[in-house]
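J.: Chains as they are written, first to last, in this note's numbering: chain A, 1 to 96; chain B, 1 to 355.
Among these hints, one or two may not hold up.
[Stated by the list, open to error] With a Cα cut of at most 20 Å, we get these calculated EDC-like pairs of lysine to aspartate or glutamate:
no.	chain 1	residue 1	chain 2	residue 2
1	B	Lys163	B	Asp140
2	A	Lys39	A	Glu16
3	A	Lys18	B	Glu161
4	B	Lys329	A	Glu16
5	B	Lys163	A	Asp23
6	A	Lys40	A	Glu16
7	B	Lys163	B	Glu203
8	B	Lys74	B	Asp140
9	A	Lys18	A	Glu67
10	A	Lys40	A	Asp23
11	B	Lys329	A	Glu35
12	B	Lys121	A	Asp23
13	B	Lys121	A	Glu16
14	B	Lys74	B	Glu97
15	A	Lys39	A	Glu67
16	B	Lys329	A	Glu65
[To be verified] Now the stretches of chain B that chain A is said to cover, found in silico as 3 or more residues with beta-carbon under 8 Å:
no.	region
17	45-51
18	158-164
19	190-198
20	242-251
21	264-270
22	324-337
It should be emphasised that the hints constitute simulated quantities derived from the structure, not laboratory data.
All values reported here derive from a predicted model rather than from experimental measurement.
Cβ atoms here follow ideal geometry from the backbone N, Cα and C, with glycine treated the same way.
Residues per chain are reported as follows:
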Amino acid sequence: MQMRYLHNVASLRIDERKCIGCDVCMTVCPHNVIELRAKKAVIRDLDSCMECGACRLNCPVGAIEVEAGVGCAYAILRGMVAGSAPQCGGEPEACC
Amino acid sequence: MPKENRKPASCGCGSQLEPATGIQIERDTEASRGLVGSAPARLTLADRWGGWKVRWGIGRRRYRVRPGLYAVGKPDRESVVLVTANFKLSFDMLRRELGGIDAWILVLDTKGINVWCAAGKGTFGTDELIRRIELSGLRDHTSRRTLILPQLGASGVAAHEVKRQTGFNVVWGPVRARDIRPFLAHGMRAAARMRMVTFSLAERLAVVPVELVEAMKYFLLILAAWTLLNLIPGWGSMHRFLLGSAATLGALLIGTLAVPVLLPWIPVRSFALKGWLIGMLWALGIGIAQDLDAALLAGSLLLLPAVSAFLALNFTGSTTFTSQTGVNKEIRLFARPIAISALAGILLLLGGSVW
């Protein structure tokens with residue numbers, strides 16, 4: 001069963017004018033969020049986007065924008081208290 | 001914890017990094033230059049025991065293998081090169097899938113963190129991959145210029161940058177190590193389902209223990225305080241002590257176990273609301289079963305669902321499909337109400353009549 005998170009919230013945006021249709025974003029996306037229409041990458045299922053950032057990092061022409069980051073409440077709360085970016089775990093090198 | 005384990009292994013060559021069990025470290029001969037060792041495709045009982053322990057959060061921060069190049073079977077210059085993290089569980093899950101396959105495994109220094117988390121933080125990243133290709137002397141061992149990376153490494157590694165700076169092509173392998181065999185058999189092509197991250201009941205249960213252990217630490221603190229309170233003459237009672245402990249334990253288990261298990265069937269998308277809903281059922285159930293008076297019932301309804309909601313919201317960190325923007329929105333919406341509700345609940349419960 002495919003689970004989706006909050007409706008219409010994910011920050012993923014694709015600039016169709018820059019897109020060259022290489023489809024690497026579709027390969028690296030773990031949630032099948034993107035599809036190719038008329039040789040352009042378009043968002044098929046925004047609510048499935050978890051903002052992992054793989055598509056943005058691997059887009060060779062910088063056509064994708066997404067605010068990728070640590071999506072764990074504890075880390076975000078720690079960050080808020082410390083007035084900084086979300087912080088994972090107890091050690092700087094640790095993760096949630 | 002021995003002191004030496006606290007040292008950050010940032011150099012990636014620290015002597016405190018023990019080789020994984022069953023892994024033969026090569027002598028430093030000319031033929032094996034740059035090679036860390038050979039790794040069998042079979043896991044030992046010690047490997048499995050170690051894997052089980054880290055699932056429960058025991059020694060999770062120091063469950064590492066030494067970064068570098070490993071040989072599985074008898075690889076030659078034409079053998080495939082697979083890249084993974086130096087979290088031993090990741091390394092083991094990969095090599096156990098390689099029975100009968102001769103391959104190279106290039107282990108990146110991810111500070112003992114799994115591929116996906118490390119990619120998110122950039123340690124399983126473009127720079128480390130490029131550095132490790134050079135440090136390991138990979139070019140001396142393979143004539144191939146193709147690296148197979150786990151797909152979930154893509155949030156840390158930019159394939160086109162690796163190509164530009166090293167000449168190596170990055171091929172995105174399947175999400176799960178257990179699909180590596182069919183992936184290789186089909187000419188390095190992944191079926192659509194191999195590209196999808198899932199979050200099945202089994203996968204949810206696999207991440208529950210760590211959350212459970214963390215919650216239990218808090219429970220023991222609460223229990224200690226609650227025990228002291230109930231020792232106050234004229235206020236405490238055995239019945240109140242047991243009921244309060246059970247109610248709290250239930251709220252913690254709802255947030256860390258029940259919500260993960262029931263995740264797809266709780267009919268709201270917000271994690272805080274998922275936890276709050278089940279926590280509310282629990283609080284109502286206690287209220288009815290114990291015939292609580294108005295103050296205690298109100299206190300329970302304010303406190304218990306808030307506790308479950310917070311823990312459920314925290315579980316977003318372990319899921320495979322929640323986004324940071326979404327979690328931020330939930331925190332903006334729910335953090336204050338949860339805190340206020342919990343505090344009001346505690347005051348009502350402590351000030352209320354005997355439970």
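J.: Could you run down the list of hints and mark each one as holding or not?
T.: We went through each hint and held it up to the structure:
1. Of the supplied pair hints, the one linking Lys163 of chain B and Asp140 of chain B holds, its CA atoms being roughly 18 Å apart against a limit of 20 Å.
2. Simply put, Lys39 of chain A and Glu16 of chain A have alpha-carbon atoms about 10 Å apart, close enough for the 20 Å limit, and the pair holds.
3. Our distance criterion of 20 Å between C-alpha atoms is met by Lys18 of chain A and Glu161 of chain B, whose separation comes to about 18 Å.
4. Restraint check for Lys329 of chain B and Glu16 of chain A: the C-alpha separation of about 28 Å exceeds 20 Å, so the hint is violated.
5. Only pairs whose Cα atoms come within 20 Å are accepted, and Lys163 of chain B paired with Asp23 of chain A is accepted, the gap being roughly 17 Å.
6. This hinted pair checks out: Lys40 of chain A and Glu16 of chain A have alpha carbons roughly 6 Å apart, not beyond 20 Å.
7. Between Lys163 of chain B and Glu203 of chain B the CA atoms are separated by roughly 34 Å; this puts the pair beyond 20 Å, and the hint is violated.
8. With a C-alpha separation of about 15 Å, the suggested pairing of Lys74 of chain B with Asp140 of chain B holds against the 20 Å cut-off.
9. A distance of roughly 19 Å separates the Cα atoms of Lys18 of chain A and Glu67 of chain A; the hinted pair therefore holds under the 20 Å criterion.
10. A distance of roughly 8 Å separates the Cα atoms of Lys40 of chain A and Asp23 of chain A; the hinted pair therefore holds under the 20 Å criterion.
11. With a CA separation close to 27 Å, the supplied pair Lys329 of chain B and Glu35 of chain A exceeds the 20 Å bound.
12. Straight-line distance between C-alpha atoms of Lys121 of chain B and Asp23 of chain A comes to about 24 Å, which puts the hinted pair past the 20 Å bound.
13. A distance of roughly 28 Å separates the Cα atoms of Lys121 of chain B and Glu16 of chain A; the hinted pair therefore is violated under the 20 Å criterion.
14. This hinted pair checks out: Lys74 of chain B and Glu97 of chain B have alpha carbons roughly 15 Å apart, not beyond 20 Å.
15. For the hint pairing Lys39 of chain A with Glu67 of chain A, the CA-to-CA distance comes to about 25 Å; that exceeds 20 Å, so the pair is violated.
16. In summary, the hint linking Lys329 of chain B to Glu65 of chain A is supported, as the alpha carbons are separated by about 19 Å, within the 20 Å threshold.
17. Counting residues of the region 45-51 of chain B whose C-beta sits closer than 8 Å to any C-beta of chain A gives 0, which falls short of three, so the coverage hint is violated.
18. Coverage of the region 158-164 of chain B by chain A holds [criterion: at least 3 residues with CB-CB distance below 8 Å; count 3].
19. Only residues whose beta carbon comes within less than 8 Å of a beta carbon in chain A count, and the region 190-198 of chain B has 4; three or more means the coverage holds.
20. With 0 residues having a Cβ less than 8 Å from any Cβ of chain A, the region 242-251 of chain B misses the three-residue criterion, and the hint is violated.
21. Three residues within the 8 Å Cβ limit are the bar, and the region 264-270 of chain B against chain A gives 3, so the coverage statement holds.
22. Only when three residues or more bring their CB closer than 8 Å to a CB of chain A does the claim for the region 324-337 of chain B stand; here the count is 9, and the claim holds.
When each numbered hint is compared with the structure, violations occur for hints 4, 7, 11, 12, 13, 15, 17 and 20.
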